[in-house]
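**Q** Make one complex out of these two single chains by using the hints.
Those protein sequence lines, which keep their order, are chains A and B.
Residue 342 in my numbering sits at position 307 of the first sequence; the count goes up by one each step and never skips.
Residue 427 in my numbering sits at position 115 of the second sequence; the count goes up by one each step and never skips.
To be clear, the hints were calculated from the coordinates, so they are not data collected in a lab.
Just to be clear, a hint being listed does not mean it is correct.
What follows is a set of in silico ranges between Cβ atoms, one per label pair, in the way DEER data are often shown [stated by the list, open to error]:
no.: 1; chain 1: B; residue 1: 382; chain 2: A; residue 2: 451; range: 35 to 45 Å
no.: 2; chain 1: A; residue 1: 745; chain 2: B; residue 2: 359; range: 24 to 34 Å
no.: 3; chain 1: A; residue 1: 52; chain 2: B; residue 2: 517; range: 41 to 51 Å
no.: 4; chain 1: A; residue 1: 815; chain 2: B; residue 2: 517; range: 50 to 60 Å
no.: 5; chain 1: B; residue 1: 382; chain 2: A; residue 2: 745; range: 23 to 33 Å
Residues from chain B that face chain A, not an exhaustive set, calculated with beta carbons under 7 Å [what the hints assert, rightly or not]:
no.: 6; residue: 387
no.: 7; residue: 391
no.: 8; residue: 397
no.: 9; residue: 424
no.: 10; residue: 449
no.: 11; residue: 508
Sample of chain B residues at the chain A side, in silico, Cβ under 8 Å [claimed, not checked]:
no.: 12; residue: 390
no.: 13; residue: 421
no.: 14; residue: 423
no.: 15; residue: 431
no.: 16; residue: 435
no.: 17; residue: 437
As the structure is a computational prediction, the values presented were derived from the model and not from experiment.
Each residue gets a CB set at the ideal place from its N, CA and C atoms; glycine is no exception.
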Amino acid sequence: MSMLLQDVKYALRTLKGSPGFVLAAVLALALGIGANSAVFSVVNGVLLTPPPFREPSRLVHLFGNFKAADLKDISVSVPEYHDYQEMPRVLESVAAYAPTSLTMTGGDTPLRFTVVYSTASFFSTLGVQPILGRFYTQETETPGRDKEVVLTQKAWRIHFGKDPAVLGHVLVLDGESYTVVGVLPAGVSYPADTDLYIPFAPPPMTSTDSRRGNRYLDVVARLKPGVTLEAARRDLARVSGEQEAAYPDNYKDGGWGISVNSMEDLVVGDVRGTLWMLLGAVGFVLLVACSSVANLLLARAATRSREVSIRAALGAGRGRLVAQFLTESLLLAAAGGVLGLLLAMWGTDALLTLVGESLPRASEVKLDGWSLLFTGGMSLLTGLLFGLVPALQSSRADLSAAMRQGAKGTAEGAVKLRSGLVVAQMALALVLLVGAGLFAKSFLALRSVDVGFTPEGVLTGRVFLPATRYKESARRVAFHREFLERVQALPGVESAGLTNILPLGGRSDRSFDVEGRTEDPNEHLPAVEYRTVTPDYLRTLRVKLRAGRMLQASDGPDSPWAVVINKSFADAYWPSGDALGKRLKLHGDDTQWTTVVGIVEDLREWNLSQPARPAAYWSMAQLPASRMGLVVRAKSGIEESVRASVEAELRAVDRDVPMFAVSPLARLVDESIGSRRLSALLMGLFAGVSVVLAALGISGVIAYAVALRTREMGIRMALGAERGDVMRLVLGQGMKLAGLGVGVGLVLSLGLARLLGSMLYGVTAYDPWTFVGVAALLSGVALLATWLPARRATLVDPIIALRAE
Amino acid sequence: MMTTTNDSVPAQESEGAVLAGGPKVEAGKALIQLEGLTKVFETEEVETHALSNIHLTVRQNEWVAIVGPSGSGKSTLLAVLGLLDTATRGAYLLDGRSVLDLSSSDRALVRNRHIGFIFQSFNLIGDLTVFENVELPLTYRGMPAAERKQRVERALERVGMAHRARHMPGQLSGGQQQRVAVARAVAGDPIILLADEPTGNLDSKNGEAVMQLLGELHKAGATICMVTHDPAHARVATRTVSLFDGRVVQDEQRR
Ligand SMILES: Nc1ncnc2c1ncn2[C@@H]1O[C@H](COP(=O)(O)OP(=O)(O)OP(=O)(O)O)[C@@H](O)[C@H]1O
Ligand SMILES: [Mg+2]
Chain A
36 MSMLLQDVKY ALRTLKGSPG FVLAAVLALA LGIGANSAVF SVVNGVLLTP
86 PPFREPSRLV HLFGNFKAAD LKDISVSVPE YHDYQEMPRV LESVAAYAPT
136 SLTMTGGDTP LRFTVVYSTA SFFSTLGVQP ILGRFYTQET ETPGRDKEVV
186 LTQKAWRIHF GKDPAVLGHV LVLDGESYTV VGVLPAGVSY PADTDLYIPF
236 APPPMTSTDS RRGNRYLDVV ARLKPGVTLE AARRDLARVS GEQEAAYPDN
286 YKDGGWGISV NSMEDLVVGD VRGTLWMLLG AVGFVLLVAC SSVANLLLAR
336 AATRSREVSI RAALGAGRGR LVAQFLTESL LLAAAGGVLG LLLAMWGTDA
386 LLTLVGESLP RASEVKLDGW SLLFTGGMSL LTGLLFGLVP ALQSSRADLS
436 AAMRQGAKGT AEGAVKLRSG LVVAQMALAL VLLVGAGLFA KSFLALRSVD
486 VGFTPEGVLT GRVFLPATRY KESARRVAFH REFLERVQAL PGVESAGLTN
536 ILPLGGRSDR SFDVEGRTED PNEHLPAVEY RTVTPDYLRT LRVKLRAGRM
586 LQASDGPDSP WAVVINKSFA DAYWPSGDAL GKRLKLHGDD TQWTTVVGIV
636 EDLREWNLSQ PARPAAYWSM AQLPASRMGL VVRAKSGIEE SVRASVEAEL
686 RAVDRDVPMF AVSPLARLVD ESIGSRRLSA LLMGLFAGVS VVLAALGISG
736 VIAYAVALRT REMGIRMALG AERGDVMRLV LGQGMKLAGL GVGVGLVLSL
786 GLARLLGSML YGVTAYDPWT FVGVAALLSG VALLATWLPA RRATLVDPII
836 ALRAE
Chain B
313 MMTTTNDSVP AQESEGAVLA GGPKVEAGKA LIQLEGLTKV FETEEVETHA
363 LSNIHLTVRQ NEWVAIVGPS GSGKSTLLAV LGLLDTATRG AYLLDGRSVL
413 DLSSSDRALV RNRHIGFIFQ SFNLIGDLTV FENVELPLTY RGMPAAERKQ
463 RVERALERVG MAHRARHMPG QLSGGQQQRV AVARAVAGDP IILLADEPTG
513 NLDSKNGEAV MQLLGELHKA GATICMVTHD PAHARVATRT VSLFDGRVVQ
563 DEQRR
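Just chain B, with the same shape it has in the complex (with noise of 0.2 Å):
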């Protein structure tokens, strides 16, 4: 097991191309800051560790994609940033404030406000309508019915799903899912947008539109994290950040 040194080949790397992109990102306020962050699983006989001594910041409007082999800790790092998981070590300031030591009610508040998930899976509710999924951390919200209603049909028309709004998702294509499953994320004006490999279940042509879609958000304003296995996809965003065995092996900005 390496150790959390972080002064490896691919590292060096990472430092340089942070450096090279250096003045145009500074410009955005810093949403994610990640310091040491490291997440080690404990099961029966071995240790894995994770995620190790992670540095990471992520500034408002950044597109960063998280690549990296298989194992190597993308979704390990996306449920620690989306607070589904807690790290062991380390540091999160999200939007300034320590989100670690939270209480589960309290991190189920920040990822209720602050934070837009999409899934591999689409991962809508099979038993409620597109209109309900959407409506869903609204709800939880407890916002008032009026307003829920306007932002849910906003946001449907945004992926362009507003005619499905009664449809069950079962009755939807895949690609058409995932719109909606955007749309439920962006609902709440989130701070931040997590997704994990949001194409991996679609076809090339339905990957597509999702990504163009993700495109027209951040356009609009909209910080996001994404893993992705595709390399074409990764290139459509702002940053890339690769992962290897539980660390940041390179960290490259574009533009």
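Just chain A, same shape as in the assembly (with noise of 0.2 Å):
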């Protein structure tokens, strides 16, 4: 015991006498810990922890698709619905459900909840119990007897404060009652954020062959136990088969079929890829962490070999050697280990903070246990292991001529391994930076995507009607008016419109029919991204008129149709420029013959990395909805000075519609390209870090092989070398390494490029000018880092020479 506390404070006093290399060695380890850490729990959160339902491998979700009009995963209408439940065979269970935004009244405020429309065996087929009450039955399913509500653990805390009381609530949802039946456990909230859920109670007339085509609902369905994918796949394209040839008029040539895809891959399917990148990523930057503190101990051994010799000739065994250095090297560990557990817990708060609500399953990360012990266990290891090195060569037998040759022999060992590592962690260094360059640039050249409008200046909001107060579309035009009037007229605001979609805020297919133009088999159902909107909504986002003109105050209820299309949507039907004055007419029974009007540039209505689609924007006063966006935007520029104002103008329209997702229009495009930012980001850091450590490496071996070679550099400048032929030397050993490195690192880049070239964007994976770039500004790194040794080199008095070894 004694023993110990002596090794511990002669331990405490060595590290204390060299803290430079103390700090480096803890943040090493701090790093490769705490970084994996962070982003191995958000992996594991997202992607590797099941979701809590019931033996989750066995669900699947089921889409529509129709290959000739390129309509891919497209909802399921309520016949389709049917079915599902009777027609596969290899289905447990199916479930439909759609989600919806209602607002709850009879509080002091009304408040929106996002609620999910379900069938009963929506929770048999997830498998999931309620921990209070019951859930719904299959009699809830008829109109009139879906007066019902679910909650989810997370509204039951948050509006009920867990009160067990809750059932038999009422609560008032779009202006019906719902009675609060049962509550589900911590976690369970599918699709992510739903707060309650309602009986789905289709109209009797949705059911009929009629609606085949009114696609709405999101089915889930549970395998039969042992069924694959692929005999699923098989079952469903017979399905599929026997629809198309029992209903021609709505599937022939369409290229009809049923995808079954696993609910995992639909639930984290888009950031799968970015996630393991990333995980790969930082995996790399834990070998580059391992390597620095493998590289720093070993540089510590070589310059304690003589003590330990000296210290073995003295009579110290092995074990005591061994006791000492595993001491030291226990201490840094330790303090390594809390400072990156530091890290980790900050870096996961940090990394969710920064994908905010592009991540699925955010609410299920934490700080993993285990990946806490997996990451620093490795770096803990290292550590250890090469801490013991210098313990381990007293330990070899002929320790006078270990003393004799001095540390020669195995110092230059200890380079060529040191050298090794520099080389290793150089490229890994240059593929992290060669990722972090193609992600930057990527998202640069999103950045300066042309999205067609000008956001700046303007702010967004939704607003949702309750349907049962505003069935009829006259009180809808009037709302859209009344509230529309009260905005334009406050003072901030210069201008405002309503939308059913906000840029960026999703798609809206319908399919439609062009006067005269007779359907081609090949261009089966054409669809257009469709949008209804208000006269001053384009203007207000700035788009440019082509030709024609705008919606306007005219293209009321009772006027002819109006409709103004986008660039692209005119291009596609009228190449030859004539679109102005054709008519089109969506499918549906509310719609009529509509004059095109006018012609706008393209905006990005989807998303910034796809070209702009087809789009027409028809005036909301003929079409008008009831899920709206806002765009007000701001005489001072600054979105937010109209916020309140605009609220209160809401309010006074109608005090139990509240207006929610308040936010610049700005964000909304920064937003749509977070996670390619958040890539970006994180690539930039970790190739930062390992930049660094590979920097700090190169460094410390060119100085270390220098204090090896003072004799040498002696002898050449007695020989007549001149300054700048010994730091050329220095430089020219440091570049070796270093471009051993680079030359590693490229073809370890190319091999990966590969993998990364789904998530780039106007950059392909293998641009010469990153790998150029990043290959001359780590080889430039490497040069600064190797000048600092080489000066120290060029100051070596040749006289050494003279003197005897």
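**A** Set out below in structure tokens:
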């Protein structure tokens, strides 16, 4: 015990003697542990932790597909849902659901809830049990008997204070009363962020075959035990064939098919690649950090091999020496581990803040003990292993020889090992730099995409009208008019408009007919990005008019219908440029033939990385929406300045309708590329950390080599070498390592770049400028890092050549 | 600490010796001329007068043995002669040209062109082959490769090491290493060879071989300044300069 205390004391003293080494080693350990644990925790939470459902691998989603119209993974209609209940042989149970948003009134302020309409089979299909009460039953799937509600744990906690007496409570949602019948366990909220579930009770007419094309449901199903995805796909292919045969009007020539996707793919599909890529990248950082620690400890071992020989010569047993160095390494490891833990906690939080809403299942992310243990263990093992090198050296048989030859032989071996480590670090740093470069380029390319509108100075918000009170379109039109008139009259407002879907807010495909155009069988189901907007909407966004006119107040309910189309639409259907005055009609009972009155420039309605699609802007007075996005351009150019007054006007029009998701339009644009920013940022961070570690590594190795070669430098200078010669010699040695590292790194990057292809925009994975630039950058850093020890080498006094070795 | 006056007893003898050998040596051209050369090392507390007021002239084709007890300043003198170190005071003309206040890069140039070094511990560079070691000073001169090759081969032949050109220094015995070092020193045709205890790290047999090699070089016209501890080796030289406490106390010419 006293021995141990003495070891600790001695170790603390020696460590105190080299604060630079301690700082570097602890930082390298902490960075390795911290960054890895943080990223691994996120990946683990999102990808690796199974959703809280029974046997989640058996859960699948069913979607429709019309290959001929390039429509992939579209929703399901009620008749199709009934097909899926009966026709497949591979499904144990099927459920349909549709997310919506309802406003709860009766409290002080109206509250908006994310609500999911679901069939009663939804919960049994997922395989969850209520923690309180029960779920609704199949009887509730009938209109009029559907007034029951199930709360998620989160809604229960936030809005009902976890009151067990909540059962039997009545909630007023969009004017209808629902009775609380059950509460879900924690973590069950599917799709993400759902607050409440209410029964799906479609009116009987929606089940008729005429509504086969009325697709708005999502379908989740549970495969029978032992059924593979392939088997399920085969079975559903049979089903789609039977559908096509039975309802040729609906499916013929459309390339109809049903896709079966595992739930996991659907939930994390978009970010899976990014997350794995980040995990790989951070694994590289861990390798760099470990080799840094190894490198530092080897350097230290070299400086101490003499001390060890002397101690051993004085009779210290190998056990004693090992214990002493182990103590030292353990102290370092402990410090690195604690700092790493802090970094990991902080890093996980920071990561979640950075990704914000763009990450599915973000709520499931917590600092993961296993990943902490893993990365911590790995870094510490490196530390301990290499920390023992000096002690192990002491155990070599011929101590006297070791002392006589000095550290030369072992030292040169150490240089080789350390050079290898540095080459590896350089290579890994280069790979990360290439990744960072490519992501940064993609991000910048996306940033500079011409969105077709001017987001700066525009505030957006969303307003959903409760269906019960705004059933008649006249009431909705009246609401639009009054609300907009009030907002436009506000002193700080330049202009304002309403739309069914805000820019970058999602898709809304609708099929349509063009007057005088017979259907081309190859172009089945022409679909257009459907928008219905108020006259000032496009003006508020500063979208440029190419021809004709914008919508205007006179395009009202009783006037002939008018539509403004975008350039892509005009080019696709009237390539000769005569779109103006042509007529088209949306499919549906509530539509009329509509004249094209204007053509505007394309704006990115869907996302920044894909080209604009054909889009058309109908008049909201003619096709009144109940779910709207509001855009308000502030006179001052500062969006937030008008927020409070806009909200006050909304209350004045209808105090039970809240405005939610209020956000500057510029932020929506930013957020739409948020995950790209995250990738670029994190890769940049990882690359930065590794470059710093690699630079320290190369600097250290060269400094050490210079120290070993001091005499040689002296001899060379005695023989007439000038400072420049010596400088070149040392720089050359450094650049040889750097060049080797860069070369290996380039080969590695070329191999890995392929994997990044799909995550890039506006730059190929083999972008020569990125590769060349990054190689030059890293070489430059290496040159700088070598310059310091090289300079020291030129200061060697040639007179040492005369001294005996 | 003694003063710089050079009037102690051994100095008298030295004067006589110079005069005795006078006529023959005077014939050669003066390659090295030291006038009142003084080297003081200033360390934290003590000032060490490693060389005090040295007057020394070395002529063409002389073979000077520098002797004296440990710490008497032999190596320091050699370092100053070889422009590895600068004097504190005094004058140093090398081949008629003052070299004391040259810039460090000019001194490197002079070392490279005019001086050949042979060290006690051989000082071959372990990572370079025998050939490359000999070639090294020529490389610093920017000599074309073909000429370098020719000179290196000739130098290695002179020392009888041509067959080991591809070897690494670690594969050679001490005596062989020193012969390579001699080849390196002479490859560039220096005007003077400086050797600090060239046999110090060798056994007597190998030491004799190196001395014989120097003798051959001397016969062929080389001018040599050699520090040695071994009186037998000193006797082979044509002149012996004895140092004591940083001063020349005896300067004896033979033949
Ligand atoms: N760099 C230095 N700093 C301080 N003093 C020095 C330095 N180099 C030599 N000296 C001192 O100068 C004096 C002459 O040293 P020098 O090495 O020339 O002796 P030497 O005659 O070569 O001895 P040896 O036969 O032991 O090699 C000694 O007292 C030595 O301590
Ligand atoms: Mg000496």
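**Q** If a hint holds in the structure, say so; if it doesn't, say that too.
**A** Each hint, compared with the structure:
Range check, residue 382 of chain B to residue 451 of chain A: Cβ separation about 39 Å, and the 35 to 45 Å hint holds. Separation of residue 745 of chain A from residue 359 of chain B is about 27 Å and conforms to the stated range, judged on CB atoms against 24 to 34 Å. For the pair residue 52 of chain A and residue 517 of chain B, the supplied restraint of 41 to 51 Å holds, since their beta-carbon distance comes to about 48 Å. Between residue 815 of chain A and residue 517 of chain B the Cβ separation comes to about 55 Å, which falls inside the hinted range of 50 to 60 Å.
Between residue 382 of chain B and residue 745 of chain A the CB atoms are about 24 Å apart, so this pair conforms to the stated range of 23 to 33 Å. Because the beta carbon of residue 387 of chain B sits about 5 Å from the nearest beta carbon in chain A, less than 7 Å, this interface hint is met. Interface restraint check for residue 391 of chain B: the shortest CB-CB distance to chain A comes to about 5 Å, inside 7 Å, so the restraint holds. Annotation: residue 397 of chain B was flagged as interfacial toward chain A, and the flag holds, the nearest CB pair being 5 Å apart, inside 7 Å.
Interface hint at residue 424 of chain B: satisfied, since its Cβ lies 2 Å from the closest Cβ of chain A, which is below the 7 Å cut-off. Here the hint on residue 449 of chain B is kept, as its CB sits about 4 Å from the closest CB of chain A, short of 7 Å. For residue 508 of chain B, the interface hint holds, the least distance from its beta-carbon to any beta-carbon of chain A being 5 Å, beneath 7 Å. At a threshold of 8 Å, the smallest CB-CB gap from residue 390 of chain B to chain A is about 7 Å, leaving the interface hint in force.
At its closest, the beta carbon of residue 421 of chain B sits 7 Å from a beta carbon of chain A; the interface hint therefore holds under the 8 Å criterion. The interface hint given for residue 423 of chain B is met, as the beta carbon of that residue sits about 5 Å from the closest beta carbon of chain A, less than 8 Å. Annotation: interface hint on residue 431 of chain B holds; nearest CB of chain A at approximately 6 Å, less than 8 Å. At a threshold of 8 Å, the smallest CB-CB gap from residue 435 of chain B to chain A is about 4 Å, leaving the interface hint in force.
The interface hint given for residue 437 of chain B is met, as the beta carbon of that residue sits about 5 Å from the closest beta carbon of chain A, less than 8 Å.
This entry satisfies every hint, going by the numbered hints stated previously.
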